[in-house]
Amino acid sequence: MSLTAKDVEEIMKLLEASTFDRLSLELDGVKLELERGGAAPPRAARLPREAAPAPAANPAPAPAAAPAVKPRKNGEEGLIEITSPLLGIYYRAPKPGEPPFVEVGQKVDTETVIGIVEVMKLMNSVSAGVSGEIVEILAPNGELVEHGEVLMLVRPDA
0 MSLTAKDVEE IMKLLEASTF DRLSLELDGV KLELERGGAA PPRAARLPRE AAPAPAANPA
60 PAPAAAPAVK PRKNGEEGLI EITSPLLGIY YRAPKPGEPP FVEVGQKVDT ETVIGIVEVM
120 KLMNSVSAGV SGEIVEILAP NGELVEHGEV LMLVRPDA
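The sequence shown begins at 0 in numbering that gives the first Met the number 0 and counts up by one.
Hints should not be assumed to be uniformly reliable.
Claimed, not checked - Below are the DSS-like pairs computed for lysine-lysine, each with C-alpha atoms no more than 25 Å apart in a straight line:
#1 K106 with K94
#2 K12 with K120
#3 K120 with K94
#4 K30 with K12
#5 K5 with K120
#6 K30 with K120
#7 K30 with K5
Said to hold, decoys possible - Just the calculated beta-carbon pair ranges, DEER-fashion:
#8 E135 with K30: 37 to 47 Å
#9 P98 with D20: 36 to 46 Å
#10 G104 with G147: 22 to 32 Å
Worth flagging that the hints you see were computed from the coordinates, not collected in a lab.
Think of the CB as a built atom: it goes at the ideal place given N, C-alpha and C, for glycine as much as any other residue.
Could you build all of it, start to finish, from the sequences and the hints given here?
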C-alpha cells in the first residue's frame, strides 16, 4: 500500500480535527511528518520511486466525506455498495454490547447511520447515502477497513 495525494489530504484533515499537534507516519519507505500550526523547518527527504505531494500548511478542517455509493458489479442485479469513506476500524454498534446500527432486512434512508469508522481515536459516523433495504453486511465488526472497501449491500427503493 502506498500513500496517494488523497490519503495525505485525508490524514491532514484528521490531524486538524484531532487534539494532536504533530503526526509522524512511515509506510512502505515513505515518511510523512505533519505539524499543526505552521510549516516545519525544511529537511532533506529520501523518497522511493514516487513521492506524495507536499501538504499545504494549515488546511481547513472538513468532515468525513459521505461514503461512495456504487452499483454492484456482480451478484444480484440492482444492488448498491455502501463503501467506507475512511481507512480505520469499522464498528457496527455505537458501543460494545449494544445492538448494531442496522441489520440485514432493515430499511435505511440516505441519513441512516450504518456504522462507525474509528481513525486515530476519532469516531466517524458512516451514513447509508442511499434509501433502500440492507441485503448483506460484508465488513466484519471491529476489523480494519480500507477507504472504498464495501461495507454493505443495499437494494435501493424503486
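Original post:
When you check the alpha-carbon spacing of K120 and K94, does it fall within 25 Å?
Top reply: holds, 14 Å
Subject >> Hint check for D20 and P98 - Cβ pair distance inside 36 to 46 Å >> reply: holds, 37 Å
**OP:** Just tell me: holds or violated, for the beta carbon distance of G104 and G147 against 22 to 32 Å?
**Re:** Hint holds: Cβ distance 25 Å, inside 22 to 32 Å.
Subject >> K30 paired with K5 [C-alpha distance capped at 25 Å] >> reply: Roughly 16 Å separates the two Cα atoms, so the pair holds.
Original post:
Hey, K30 versus K12, does the alpha-carbon distance stay inside 25 Å?
Top reply: holds, 18 Å
Original post:
Does K12 pair with K120 here, judged by a C-alpha cut-off of 25 Å?
Top reply: Holds: K12 and K120 sit about 14 Å apart, inside 25 Å.
Original post:
Are K5 and K120 close enough, with their CA atoms no more than 25 Å apart?
Top reply: holds, 20 Å
**OP:** Would you mind confirming whether the straight-line C-alpha gap from K30 to K120 stays at or under 25 Å?
**Re:** holds, 21 Å
Original post:
For the pair supplied as a hint, K106 and K94, is the alpha-carbon distance within the 25 Å limit?
Top reply: holds, 22 Å
Subject >> Distance restraint evaluation - E135, K30, Cβ atoms, bounds 37 to 47 Å >> reply: The hint (37 to 47 Å, Cβ to Cβ) holds, given that E135 and K30 are roughly 39 Å apart.
Going down the numbered hints, you'll see the structure goes against none, and every one checks out.
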